[in-house]
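Chemist: Chain residues, written in single-letter form:
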Amino acid sequence: MRILLLTALLLPIAAALSAKEYVPHAVIAASSLPVSGNMVMDAHLPAKLSEYGFFNGAANAPSSGLIPYSLATPLFSDYSEKQRFIYLPPGTQVLIADGFGRVTFPVGAAIVKSFGYPDAQGKLKIIETRVLLNRAEGWTALPYVWNADGSDADLRVGGLRTNVTATLPDGKTQLISYAVPNKNQCKQCHSSLGKIEPIGPLLGNMRFQTLADKQRFLGSSVDVKKVQAMPAWDDVKDATVAQRAKSYLYVNCAHCHRPTGSASNSGLFFDETAIGPTAQGIYKHPVAAGRGSGGFEFVIAPGKPEQSILLYRLESLDPGVAMPELGRASVHKEGADLLRQWIKEMPQG
Amino acid sequence: MYIMERKYTIAFAATLLAISPVHLWAKTITVLAGDDAQGRLQEALIVAEPGDVVELGIGKFILTDGLSLDVNNVTVRGQGAKETILDFTGQAGAGEGLLVTSDDVVLREFAVENSKGDGIKSKGADRIVFHKLRVEWTGGPKATNGAYGIYPVESHYILIDSVVVRGASDAGIYVGQSRNIIVRSSVAFENVAGIEIENSYDADVYDNVATGNTAGILVFDLPNLPQLGGKNVRIFENIVVNNMTPNFAPKGNIVASVPTGTGIMVMANRHVHIFDNVIGENGTTNIMIVGYPLKFDDAKYDPIPSNVAIWDNQHMRAGWAPEMSGGKELAAAMGGSMPPIFWSGAGGAPNAPMVSDDVLAINLGLTEPMSDPATAQPAPITISKTLPPGLPVIVLPTAMEIAVR
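From first to last, the protein sequence lines stand for chains A and B. FYI, in the working numbering the residues of the first sequence are 1 to 349. FYI, in the working numbering the residues of the second sequence are 1 to 405.
In short, the hints are calculated from the structure, not lab data. A couple of the hints might just be wrong.
Here are the computed distance ranges between Cβ atoms for each label pair [to be verified]:
no., chain 1, residue 1, chain 2, residue 2, range
1, B, Thr386, A, Pro277, 44 to 52 Å
2, A, Thr167, B, Lys60, 46 to 54 Å
3, A, Arg102, B, Ala143, 24 to 32 Å
4, B, Gly80, A, Asp213, 57 to 65 Å
5, A, Ser177, B, Met316, 47 to 55 Å
Quick list of in silico lysine-lysine cross-link-like pairs, DSS-like style, CA-CA up to 30 Å [what the hints assert, rightly or not]:
no., chain 1, residue 1, chain 2, residue 2
6, B, Lys231, A, Lys304
7, B, Lys300, A, Lys195
8, A, Lys304, B, Lys295
To be clear about the criterion: a stretch of chain A counts as covered by chain B if any three or more of its residues have a C-beta under 8 Å from a C-beta of chain B, and this derived list gives those stretches [said to hold, decoys possible]:
no., stretch
9, 84-90
10, 128-137
11, 275-286
12, 311-320
13, 324-331
Heads up, the beta-carbon is just placed ideally off N, CA and C, and yes, glycines get one too.
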């Protein structure tokens, strides 16, 4: 009886283990590098970035299977330069869900984003590449850190801190304790009701280098004219200060500060669901800010940027105070200046 | 008979596998203090699978960033709240020491020290157990300490049992926007608020000691939050004494306006029962019931406390050093000290608390919650011996109680 019982117990265990077991995939020849749809889809965590076939032996050699894009208003990430790509499996199609341009991706799609800084010679050196994989069971977010010779990147589920020298817009350099997020931190920002989802690809905020890229991305899914374009945060020519500030807050804050995000409990929302001035921070008292309040009464005190908690936290580097909580070890001076101007010009009362 | 039994056993084993296969190879991942504690511990918290125990060794884990757990049904267990210390003194990032975002998690027998923000936060983490933990800012009360020590929010079923929290610049034990909560057998010492239940439903707070704080136990409801209408809170068999530490909360936070020397304070909550506590040596008052005192813009919010009942508490000295606005004048008018129990009068007579304690209880007569206490028209509250119907007793899922047995 014991043996029978043991067999009964072990068989499903063995089956489960073999299902989880890592199956090595053939190395793909460098030239016509196809992305491995299996690696995107398989329910495991590839140890090397090269296993996906997203890059041809270097971060600056993306596969022709990837569609490059940029964002009009990007998330501030310690002045790093970012390269963004989307992979859509052959024969699949994105859907544009609403007039805001929210993108629904087919299963098997991937979003790939590399972060780096120019080196002393001005050549961009990529530190890490983050991938979001739309698997049958939902999105998975994984961070990969490039090796010293830049030929491949290793999975680092635990994240990494590394010192980098960044050149700021004013030409000065600054030493930054750059953080590659761990797997949980990926989810903290990419979370909606506890599930992972993409943040960046809102059609209204996406920009493509070529019309061909745009067509590859959109296929036949949408009448693009219907999607409202999001103004660039630094587009002083065509957008008002308020429009630019709203764009900035949406991209930098709303992934957490929305009713389904990581900061849902704050009642402070920067997405399109915020109704009324209080929910958007205007004359809103802090709730769980602690010393993040800086001694001020309101998140946004119209006309008084110097007394607004929002600006205080945006310009702080103290981990108990700084917002966003993750991915910022330097102050985005230009972004803070925009919000300062916006709050200053806001009517009081 | 024998064969039948065997078949039954196999079938039972198969059923177990089908329901929760993880338990059969649940493992213990041991993490010891030492080099790169950050990387090793965070990695363990990521690779843990449901059913696993992450076992922490004795000693100080020197951490450089926040930690987080997002796997359901994991136990994180140290060797004791004195022996296993997660030291966040050198933390460079994240808003809290440890963040839990998964369900059915048990945290037990370790300490979190000197986190830059909150100590342990759990968000949307249902059926979470905090047991025999210590969260401490070791320099004592300072405005630069993190806000909350133990901080579950937006969760269903919370058990906080036998924890110690010291030094939080907001609340030591803070439960926000949650339901079905037990806080018991714990010590809150030298925080601004010892224990705070905020915008929550159905909580039992008992057998705790709140001492050396600015205020012992707070039951608050605040506007402009996703969950409003805090209700059904029982505060009983606690010792709430000598909460005289000057308020050190950073300004702007509601708790910064709590008067030093407050025992138990109810703000804008409904159905709060306070009974069988020992309360005393609180310089402003032992029990205070007030409305939300600030301007707000939220049509769904009710700033008036109602259905508060107070009975069988044992009172010691109170009110000799009232720190609230108009407190000294009120005290002078009432023979030198504030009474052990007062109600602001918010909402008028229909919202008057039921008081049966054998001490002086005063209605300040301020029907508008925003009125300045300095303009009070104090009058005694008539003692009533008729108890209200009991509130629901909080019963947690059995597995949560077993976890602390």
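Chemist: For each hint, tell me whether it holds in the structure or not.
Modeler: Results of checking the hints against the structure:
no., hint, in the structure
1, B/Thr386 to A/Pro277: 44 to 52 Å, "holds (45 Å)"
2, A/Thr167 to B/Lys60: 46 to 54 Å, "violated (38 Å)"
3, A/Arg102 to B/Ala143: 24 to 32 Å, "violated (42 Å)"
4, B/Gly80 to A/Asp213: 57 to 65 Å, "holds (59 Å)"
5, A/Ser177 to B/Met316: 47 to 55 Å, "holds (51 Å)"
6, B/Lys231 to A/Lys304, "violated (37 Å)"
7, B/Lys300 to A/Lys195, "holds (29 Å)"
8, A/Lys304 to B/Lys295, "holds (19 Å)"
9, 84-90, "violated (count 0)"
10, 128-137, "violated (count 0)"
11, 275-286, "holds (count 8)"
12, 311-320, "holds (count 3)"
13, 324-331, "holds (count 3)"
Hint compliance for this structure: hints 2, 3, 6, 9 and 10 are not met, and every other hint is.
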